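J.: Next come the chains, spelled out residue by residue.
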Amino acid sequence: MDRIVQGMHIKEVLKTVRAADGYYITNTARDLSQSDFKNRILLHTDLMAAEAREKAGYFSLEITGGASVHVDILRKQVDPFLKLKLLREAMPNTMFQTLCRGVNLFGYRPYPQNVIRLTVREFAKYVDVWRVFDFMNYIPNMQAVFEEVQEAGKILEPCICFSTGPEHTDAFYVDKVAEILAVTGEDIVLCIKNHGGLGTPTRLGELVRAIKDKYPELVLHYHGHNTDGNDIGRITEAVLNGANIVDAADHSFTGFYGPPPVLGVMQSLEGYGHKAVTVDAEAVIATSDAIRDERPHYDLFESQFKGFLPTVQIHKLPGGAMGSSLEQAEKGGFLDKMPDILHKELPLVQKELGNYWSVTPGSQILWTTAVANVQGGERYGNASGDLRNLLLGKYGPFPFYKPADWIYKKVLGPDWQQILETEGGVEDIEDMDIAKERTILTERIKREPSEQELVLYLQHPTDAVEFFKFEEKFGKVYVLPPAIFLKRGGFALGEEITFTDHLGKGHLVSVGPAQMDEEGETTIYLTVDHHNRSYVMPAEHVVGSVAAEPEIGKEEIEELAAVGDVRAPYTANVCEISVEVGQEVVAGDTLIVVEAMKMQTPVVAQVDGIVKSITVKVGDAVKPGAKMVKLNTGAEEAEGE
Amino acid sequence: MKKKILVANRGEIACRIIRAIQELGYTAVALYETPDKAALHISVADEAIWIGDGPRCDYLNIDKIIKVAKSHNVDAIHPGYGFLAENPDFSQACADNDIIFVGPTAEVIQKLGDKVTARRIMAEAKIPMVPGTDNLPADETEAVKMALEFANRVKYPIMLKATAGGGGRGIRQVDNDGQMKEQLQIARAEAKAAFSSDNVYMEKVVVKPKHVEVQIIADQFGNTVHLGTRDCSIQRRNQKLVEIAPSLIKDKKLLDQICDTAVRAAKAANYTNAGTVEFLIDKDMNYYFMEINTRIQVEHTVTEMVTGVDIVRTQIKLAFGKELLFTQDDVQIRGHAIEMRINAEDPQNDFMPEGGKTVTTYRSPGGYGVRLDGFVYQGFTIPQVYDSLLVKLTVFGLSWNETVDRLRRCLSNYVITGPKTTIPFYLQLVNEPQFQSGDFDTSYLENHPELLDYKEDDSEVNKLAALIAEIHHKGKNPYAA
Numbered sequence: 000m001d002r003i004v005q006g007m008h009i010k011e012v013l014k015t016v017r018a019a020d021g022y023y024i025t026n027t028a029r030d031l032s033q034s035d036f037k038n039r040i041l042l043h044t045d046l047m048a049a050e051a052r053e054k055a056g057y058f059s060l061e062i063t064g065g066a067s068v069h070v071d072i073l074r075k076q077v078d079p080f081l082k083l084k085l086l087r088e089a090m091p092n093t094m095f096q097t098l099c100r101g102v103n104l105f106g107y108r109p110y111p112q113n114v115i116r117l118t119v120r121e122f123a124k125y126v127d128v129w130r131v132f133d134f135m136n137y138i139p140n141m142q143a144v145f146e147e148v149q150e151a152g153k154i155l156e157p158c159i160c161f162s163t164g165p166e167h168t169d170a171f172y173v174d175k176v177a178e179i180l181a182v183t184g185e186d187i188v189l190c191i192k193n194h195g196g197l198g199t200p201t202r203l204g205e206l207v208r209a210i211k212d213k214y215p216e217l218v219l220h221y222h223g224h225n226t227d228g229n230d231i232g233r234i235t236e237a238v239l240n241g242a243n244i245v246d247a248a249d250h251s252f253t254g255f256y257g258p259p260p261v262l263g264v265m266q267s268l269e270g271y272g273h274k275a276v277t278v279d280a281e282a283v284i285a286t287s288d289a290i291r292d293e294r295p296h297y298d299l300f301e302s303q304f305k306g307f308l309p310t311v312q313i314h315k316l317p318g319g320a321m322g323s324s325l326e327q328a329e330k331g332g333f334l335d336k337m338p339d340i341l342h343k344e345l346p347l348v349q350k351e352l353g354n355y356w357s358v359t360p361g362s363q364i365l366w367t368t369a370v371a372n373v374q375g376g377e378r379y380g381n382a383s384g385d386l387r388n389l390l391l392g393k394y395g396p397f398p399f400y401k402p403a404d405w406i407y408k409k410v411l412g413p414d415w416q417q418i419l420e421t422e423g424g425v426e427d428i429e430d431m432d433i434a435k436e437r438t439i440l441t442e443r444i445k446r447e448p449s450e451q452e453l454v455l456y457l458q459h460p461t462d463a464v465e466f467f468k469f470e471e472k473f474g475k476v477y478v479l480p481p482a483i484f485l486k487r488g489g490f491a492l493g494e495e496i497t498f499t500d501h502l503g504k505g506h507l508v509s510v511g512p513a514q515m516d517e518e519g520e521t522t523i524y525l526t527v528d529h530h531n532r533s534y535v536m537p538a539e540h541v542v543g544s545v546a547a548e549p550e551i552g553k554e555e556i557e558e559l560a561a562v563g564d565v566r567a568p569y570t571a572n573v574c575e576i577s578v579e580v581g582q583e584v585v586a587g588d589t590l591i592v593v594e595a596m597k598m599q600t601p602v603v604a605q606v607d608g609i610v611k612s613i614t615v616k617v618g619d620a621v622k623p624g625a626k627m628v629k630l631n632t633g634a635e636e637a638e639g640e
Numbered sequence: 000m001k002k003k004i005l006v007a008n009r010g011e012i013a014c015r016i017i018r019a020i021q022e023l024g025y026t027a028v029a030l031y032e033t034p035d036k037a038a039l040h041i042s043v044a045d046e047a048i049w050i051g052d053g054p055r056c057d058y059l060n061i062d063k064i065i066k067v068a069k070s071h072n073v074d075a076i077h078p079g080y081g082f083l084a085e086n087p088d089f090s091q092a093c094a095d096n097d098i099i100f101v102g103p104t105a106e107v108i109q110k111l112g113d114k115v116t117a118r119r120i121m122a123e124a125k126i127p128m129v130p131g132t133d134n135l136p137a138d139e140t141e142a143v144k145m146a147l148e149f150a151n152r153v154k155y156p157i158m159l160k161a162t163a164g165g166g167g168r169g170i171r172q173v174d175n176d177g178q179m180k181e182q183l184q185i186a187r188a189e190a191k192a193a194f195s196s197d198n199v200y201m202e203k204v205v206v207k208p209k210h211v212e213v214q215i216i217a218d219q220f221g222n223t224v225h226l227g228t229r230d231c232s233i234q235r236r237n238q239k240l241v242e243i244a245p246s247l248i249k250d251k252k253l254l255d256q257i258c259d260t261a262v263r264a265a266k267a268a269n270y271t272n273a274g275t276v277e278f279l280i281d282k283d284m285n286y287y288f289m290e291i292n293t294r295i296q297v298e299h300t301v302t303e304m305v306t307g308v309d310i311v312r313t314q315i316k317l318a319f320g321k322e323l324l325f326t327q328d329d330v331q332i333r334g335h336a337i338e339m340r341i342n343a344e345d346p347q348n349d350f351m352p353e354g355g356k357t358v359t360t361y362r363s364p365g366g367y368g369v370r371l372d373g374f375v376y377q378g379f380t381i382p383q384v385y386d387s388l389l390v391k392l393t394v395f396g397l398s399w400n401e402t403v404d405r406l407r408r409c410l411s412n413y414v415i416t417g418p419k420t421t422i423p424f425y426l427q428l429v430n431e432p433q434f435q436s437g438d439f440d441t442s443y444l445e446n447h448p449e450l451l452d453y454k455e456d457d458s459e460v461n462k463l464a465a466l467i468a469e470i471h472h473k474g475k476n477p478y479a480a
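Those protein sequence lines, which keep their order, are chains A and U.
Numbering that gives the first Met the number 0 puts the first sequence at residues 0 to 640.
Numbering that gives the first Met the number 0 puts the second sequence at residues 0 to 480.
In case anyone wonders, no lab produced these hints; they're calculated from the structure.
Please read all numbers here as calculations on a predicted model, not as lab measurements.
No residue lacks a Cβ here, since even glycine has one placed at the ideal position from N, Cα and C.
Check the hints yourself; a few may be wrong.
[Said to hold, decoys possible] Chain U stretches covered by chain A per the calculated footprint, using a threshold of three residues with CB under 8 Å from any CB of chain A:
1. 194-200
2. 457-468
[Unchecked claim] For each label pair, taking beta carbons as the anchor points, the in silico distance ranges come out as:
3. A:Gly493 - U:Gly365: 28 to 38 Å
4. A:Ile433 - U:Tyr453: 28 to 38 Å
5. U:Pro54 - A:Gly519: 27 to 37 Å
6. U:Ala192 - A:His501: 54 to 64 Å
7. U:Lys252 - A:Lys468: 56 to 66 Å
8. A:Glu579 - U:Asp176: 18 to 28 Å
9. A:Lys468 - U:Lys154: 37 to 47 Å
[Claimed, not checked] Using 30 Å as the maximum straight-line C-alpha spacing, the simulated BS3-like pairs for lysine-lysine come out as follows:
10. U:Lys475 - A:Lys504
11. A:Lys622 - A:Lys409
12. U:Lys473 - A:Lys504
13. A:Lys616 - U:Lys191
14. U:Lys454 - A:Lys435
15. A:Lys475 - U:Lys462
16. A:Lys211 - A:Lys175
17. A:Lys622 - U:Lys475
18. A:Lys445 - U:Lys462
19. U:Lys191 - A:Lys330
20. A:Lys472 - U:Lys462
21. U:Lys154 - A:Lys472
22. A:Lys445 - U:Lys356
23. U:Lys154 - A:Lys475
24. U:Lys475 - A:Lys472
25. U:Lys154 - A:Lys468
26. U:Lys249 - U:Lys191
27. A:Lys211 - A:Lys343
28. A:Lys10 - A:Lys175
29. U:Lys454 - A:Lys445
30. A:Lys468 - U:Lys475
31. A:Lys616 - U:Lys356
32. U:Lys475 - A:Lys84
Extracted from the complex, chain A is given alone in its bound form:
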């Protein structure tokens, strides 16, 4: 049989694919969830789909990686490892696939080598196919992951990220493939990663042909997005020109920015006499039928913009970032400026910054810069720390050309050349003291963490600890269907809620009345398995109450900074405190690093002084104008005397 099952040796997998009379399909459920539902599709729904998906005979099921690891613990309150374990039990044969951002793993900035290796080792216990990419297509950034995946005996699938423009020639990409093969050897699957769904079908056909001409034995996996509504066209051309595996997803959940429907792909290619060799169309249909009724519970997470977005060919945002970008625009109140940002500023910034690949974290840098350029007035006047790092070459060298000098000057300041010389280049990140981190985590959760908990902690320290505490308080909530977990507007009085817990025990919760006392405390009455229980909910904070700090304007923040009263520049989270009380600082020293929209920005001292007090801690959410650091400046001291 041509069916590829979990546990097969990579050589056998490659041999089977090469020999097959047709192509394979990967079900990219994770990418669909990320692109069209902000990564919120719950494990509960994936478990409902498991039986039919297992039967469908995919090359693999892409079910983890990308932003999903973070969203699993942050918004779905499920352990990403447990999720894989449970899915594995339900789907013993299907290979599981991940998407790994190379040195950035499943996050947004580079991790130390030893953290990368530990993380890959733990996930490799469940993940068979490792799709690895780097947004600069800079191969050394993926090296550590390559090595660990191969060491674990799993299938390595390095990517060439694809984009369009005069620099993005076949010759360039074929050379990239050569670069990859030079470090990985030939036992790999190569992915053409078209995260934006860019280019015409013929363009993709040409690229596949060019690579296949040079490497006829190379197993090619085409990954695309349906943002413009035409990915089936590209997939068709890719397969006609020799691609072996393509990506698609279950039709009852397909949206506008993710993968196209599996069945549509099969139907299109059938017209050309190409068969999805192991895919059982009945099972594909059955999968969609099994989960169709769940979709309405997720509608809140669907895009603010309905409809395909063929203008992706202009702005090039990856499908996986479309939903979150629009969400930010709505939360930030600039949804109306989206056409300007997407169709004018973003393409310009893209060109100005070297026409690299708009994918995480590079896409966030482009997006944040474009938004700041439109919102902040002066272009590049309000550069994020990540843009600064990009210009300094911390993520790797620019693939085609460097941004113009004026941008460097604008972002790094008048001494930019000197700064570039002293600070520029890919940084060697020192190994982390993992034993020490384990001790810290043990203290924070007051018990010995498992190896997998440690890995989650190393990825996202604050969010992982929050998740562990959540589980202690609320249990294994992945058993709750979206109808409960994502319920909006409360339940009806007398409503009976049933679910089965992770130990297999069924439960019945019926909703009783709610009662609020004079202080605003509310008691919720539930009957839990025929026993009455009450839950006291603290009074809600009233916005604008006396305790709330008044927001202050940008000018005022700058004025205060000039006298050593350092305030938060905008709504953000504190992610690093770089100084200690009593420390001497000079103007330009980083005091605190804040993070907003996944981008980190240093808050620097505007004056020389000594740190007098620090009023925030790592993890704090701050509003614009919130007090952060107080500096004792000379002037103040003189006054004091």
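On the provided structure of chain A, position chain U as indicated by the hints.
T.: The following block gives chain U in isolation, referenced to the frame of chain A:
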């Protein structure tokens, strides 16, 4: 006419006594103070009498209780434990009003309640006793002089005890001559405040003893039998938490000797009805008489489990002048029983009482070898003004290991929410190797502070329901925003 018995008590023991009364075919009359108006002993009794707003004063008001007993034509009063149980005036008042008191006579209660008199009686009967004194002289200089002489003879540490004390109260330890004068003053002041008598006496401290007691039962015809031993060494600040029958001391001869001594002690005091003779056993297996408790005890259940004798039923029958229907030879100890007092207390907060809280879930274990003596139900609000005992969990097993296993199972299956309880603490205890070995003394709890190191863990469904409550309240899931 059907006999009527008034239960002058509350809580679990009132329910226990009511059961025995009803099983005998008699009418059980409960009484209650206002804070107990929703208490279970009222609903299970055949009649109930409100005796005032209390708290704790009407249950202690002899005149009131006698008055209502007479107006309701009761034949007998069972005092339970605590409250008026060991008050000789109450027994006397019953006698004076032709009401049968289920317990010993006022005279017996009187002399055994006075520790010094009790010691004198036991000394005459050659019952082994911890070296001690009579009441110390009222004159302070002389008292200190006598105390120092005694200490010099028996060596420190020694105990100063209130003559009228009991239940672990009114006791102070003295470790050297220097402390004597000061401690004596304090002990007197405390005794005066707590027991209205500043008489104190002294006893040598038996270091790390085992607390072993013998259940006695005697009719009015001179028949006195014992129902074997109980070990009550697991105590916190002299309050018993866990009781076991029989004692796990391996030397059976010694245990027989202790039981015989108990019978002799009871006879020496002309004891009638049920009582308990308490002993201390030092590490060299010397045993010393401590006191006789002239009432039904909390831990009588363990003895009932291993002997098959219903002590409360027997108490009532004997009080009505019946003869004991069994002899010492008929009493057979079979298997083991352990009782744990499940209290509404937070062990991790210095066993702070959790009174005032409402029991939101009450799900009790059952099955073979399990006995529950309690008075809580789901929806019951625990009155703040009484003690914190909710229910006694007693388990029986043929072997010690089986009994411990059963206890562990019951504790893990017990669900009480609302107030915090001692259940998680007991779960720690049943899993502790020294407890499992069965060899422990009164220093056990202070030597095992790690038992307090546990996490209160709610059941999975309650955790999930807590999230559902929050999703419901907020109109969305704040953890999925």
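J.: Please flag the earlier hints that this structure goes against, numbers listed from lowest up.
T.: 1, 8, 9, 13, 19, 21, 23, 25, 26, 27 and 31
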